[in-house]
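Asks: Kindly produce the complete structure, drawing on both the sequences and the hints.
As a plain string of letters, each chain reads:
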Amino acid sequence: MAGSDRLRDYERETGLYRRRAAAAGLGALLVVLVLIGRLFQLQYLDHQHYATLSNDNRVRIEAISPTRGLIHDRDGRVLAENLPSFTLELVPERVEDLDATLERLRPFVDFDSADVERLQRAWRRARPFEGVPLRFQLSRDAVARLSVNRHRFPGVDIVASLTRHYPWGRTGVHALGYVGRLDQRDLERLDPRAYRATSHVGKNGIEYAYEDVLHGDPGVRRVEVNVDGRVLRVLDEEAPVPGKDIQLTLDLGLQRYAERLLGPEDGAVVALDPRDGAVLALASAPGFDPNLFVNGIGRETYAALRDSPSRPLYNRAIRGQYPPGSTIKPIIALNGLERKSRERDETIHCRGYYTLEGRSHRYRDWKAHGEVNLGEAISQSCDVMFYDLAMDLGMTEMAGFLRKFGLGQQTGIDLPGERGGLIPDPEWKRRARGEPWYSGETVIHGIGQGYMQTTPVQLATAAAQIANRGRPVRPHLLAESAQADVRTDTAEEVPQNGDAVVARAREPVVEPVDLAVETDWDYVIDAMVDVTEGEQGTARAIGWNSPNTIAGKTGTAQVFSIAQGEEYDSEAIAKQLRDHALFIAFAPAEAPRIAVAVIVENGGSGSGTAAPVAQQLIDRWLEEHPPPADGKNDGG
Amino acid sequence: MVDNDGLLGGRTGGAPLTRLLLVLRVDPPLLLGILAIAVVGMVVLYSAGGASTDLLVQQGVRLGIGLFVMLVAAQIPPRNLRLWSPWLFAGGVGLLVWVLVAGEMGGGARRWIDLGVANVQPSEGMKIAVPMMVAWYLGDRALPPSFARVVVTGALIAVPVAMVAYQPDLGTALLIASAGAFGLFLAGLRWRLMVGVLLAGAALIPVGWHMMYDYQRRRVLTFLDPESDPLGAGYHIIQSKIAVGSGGLYGKGWLNGTQSRLDFLPERSTDFIFAVFGEEFGFFGGALLLFLYLCVIGRALYISAEAQDSFGRLLAGSLALTFFVYVVVNIGMVIGLLPVVGVPLPLVSYGGTSMVTLLCAFGIIMSIHSHKRLLAP
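Each protein sequence line maps, in turn, to chains F and V. Under the numbering used here, think of the first position of the first sequence as 1, with each following residue one higher. Under the numbering used here, think of the first position of the second sequence as 637, with each following residue one higher.
Since the hints were derived computationally from the structure, they do not count as laboratory data. Source: prediction; values computed, not measured. One or more of the hints may lead you astray.
Chain F regions said to be covered by chain V (calculated; three or more residues, Cβ under 8 Å) [said to hold, decoys possible]:
(1) 24-31
(2) 44-51
(3) 226-234
(4) 302-309
C-beta: ideal position from N, C-alpha, C; glycine also.
Replies: Next comes the structure, spelled out in structure tokens:
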């Protein structure tokens, strides 16, 4: 042992050490107590917080998409259904080399650079272990070939799902609309929580309007995931609530017939049941195949549709705004009778033109009608009578009366994108154009030209209101009987559910028109019947062909104005400059069961092209749905 | 000097197993504590390893090797240890120099020497060599030590600590430094001096902060508050706090820790194994484990107090307290009280080197206890 340089007091050193060891032991005890205190804080005081965090870590909530409700026509025929389809998906975590895998997949599946582009976009945003679709709607053949070779493609899955399908293709497309892949814009207007698992959403038409009814509620699946996000097991599951099926008032047969009647022409047909506003047919030609849109329309196909001069994507029935032309004459006549501007038997002499006092400008009529009264002016479509009447009434009065029939405003049909049209008056012109109203303008508005704009659905609705002798209806596509199907179980949860939609769809946008002299209705309706049945009726050709009493009115919407002193020669001018042909009608005149508005773009005259369409539609409908034998109005 | 040859102050008798242990110079209470902790460790490791016995078998082998080393160490008389101390220390420092010059890289640090047969990590040995050196140097003269000797001791500690810290291996450097510091403390370092040193250190912090570059400051801040970097350094600590906190009072049950089973906990079988334990066994489990550690430390401190010379006392005492530092630094890190430092949970964390070093230290403590002279000097 090494020597000591001073004397050592071993007793003292031992004592010193023991004190120091005791102090160290005490210190250790205190530190352990601090640790235990911290454990107590974490595991008792803050336990709930950390338990939540732990659950958030391990439990992922996955939404399960609900099955979309079907759409039926009034007789229960399926207009939109869900078909099983197969999607090719790739799971990023399990695919080692994307490019190589795609190259090896090529012999088995058709896909183009657009598919790959979309895949690569989704690839980066995919949640862990979530499949990214490459190709939708694989053919049976491709499914079979891929299934056999599955082992060669790790991370490539064939996933079965349901895809929206429109079995009748373009039939009724402008009423039905279509679904398309959910995008960012949809998510801004929809509840993102309800659409977490949904891939497709209504983009237009009924599919859009009744999205909330058709969609249903997503189910929820709680799964346990590991740190990579891989699903290890399903903890529990709440099944999705499928969307409700809905029934439309549309009649598939009539709809197809209407589209066939329009043939190759551009135009629109709207047929209503005047008793309740139920839309029987709503056609806009040309149409397109909605199935193209379901899984992403190709850029070129879309461009072709968009840029076609006939504008097939354009819903003329509710968005097309046309001057109503002579179709408003019955309403102007009613206005004149109501205001006592005209007596029923009061005649004028029509020389084929009209001039304002002290002016030389001639407002042309299509022919010189000679001596005509108001009723004859309707049936023969004498313009001079209405030029004169318009001057007597004045534009403000006339506009107000036309608006009582819902013209110049949205009808409130349960379809998105309806346009309002325009019934102008001096006030409007001052506001919109900053110009005064000229009396010459009043003259031409008396025959529905000038600034006046109406949509086919407005004209059909106005025709229905005349048929109802002033009682307005609101055009709607959702059938009454659907009400039972549409969310009756959530009556308390209104308003965004089906009940409210149905209710909203039934409320007319205008008040009933009460005439001082009730028989004025009969007078005007008789004049409209004379349009098809009278010897000089402008549409007498259809009256001869039809077994039914049709009350109608022809109309011509000017596309191209004819200079003073020129003759209108429809043969000589290019087709796209020809006038639009219009016809409104309802039948049977005594107890109307169908009201129709037809427009044939560049069709020339209403009597020649539009009226036969309306007549054939009416005849077919009344033949298939004959009035009850006792002739009584059966409800509505 | 005559050794008592295992008679432990004349006490004989007891159960045959106890007698055998005494003959082998093993302290039964200390061994019991160690084994209890090791068993807890095995149970947690089974869970942390994904209910697989792979890690368990390897850890068992290491525990066996460690116990054998402990047994061997317990046979070496403290007198010999004292004689070897300067040479071990000098050899250790020499190896550290070698490491710095020609060490093998591993995990971003230069820690290993490849001897052809085996890899050697000299810093691990310094955890024992430094307290031995301190005990040898201070125990040689009367205590408490003079100021000059404190300074020399400080230098003896600082040299290896600096070299290990430079590797960089902050955890080991911290343990070596605390082993030396505890030697000084137990030797009777004056309180005034301790307070003075601490204050001086505290005063230097702002100066050092001022001299650092921005990126270094950021690094220090992240070191002190890992949660400011939730995806990087903070991720470990956030997940381990979630694991421990979600365990609650009673824990989620063995093998039911979701944080560990679903891989949310990184390093869960090594440095962060206490998080698994806390998650599955809860507050009461954690308190029990801390109690076991406290028992082991208490027993070791008691043994040190019973030692017959300054060398034995200081060595046993500083080894015991170093063991305690392991526990505090590791658990403190896991439960978010201390910064993240790579220190394993002794006898529980998966890993061989620390297990062997620790059991070797316990062997030395047992040796000090069992080689008592009949007569005090």
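Asks: Give a verdict on every hint.
Replies: Quick rundown of the hints versus the structure:
With 5 residues having a Cβ less than 8 Å from any Cβ of chain V, the stretch 24-31 of chain F passes the three-residue criterion, so the hint holds. With a threshold of 8 Å between beta carbons, the proposed coverage of the stretch 44-51 of chain F by chain V holds, since 6 of its residues qualify and at least three are required. Note: the stretch 226-234 of chain F has 4 residues with beta-carbon separation from chain V under 8 Å; the three-residue rule is met and the coverage holds. Interface restraint, the stretch 302-309 of chain F with chain V: violated (0 residues with C-beta to C-beta distance below 8 Å; minimum three).
Violated hint: 4 only; the structure is consistent with all others.
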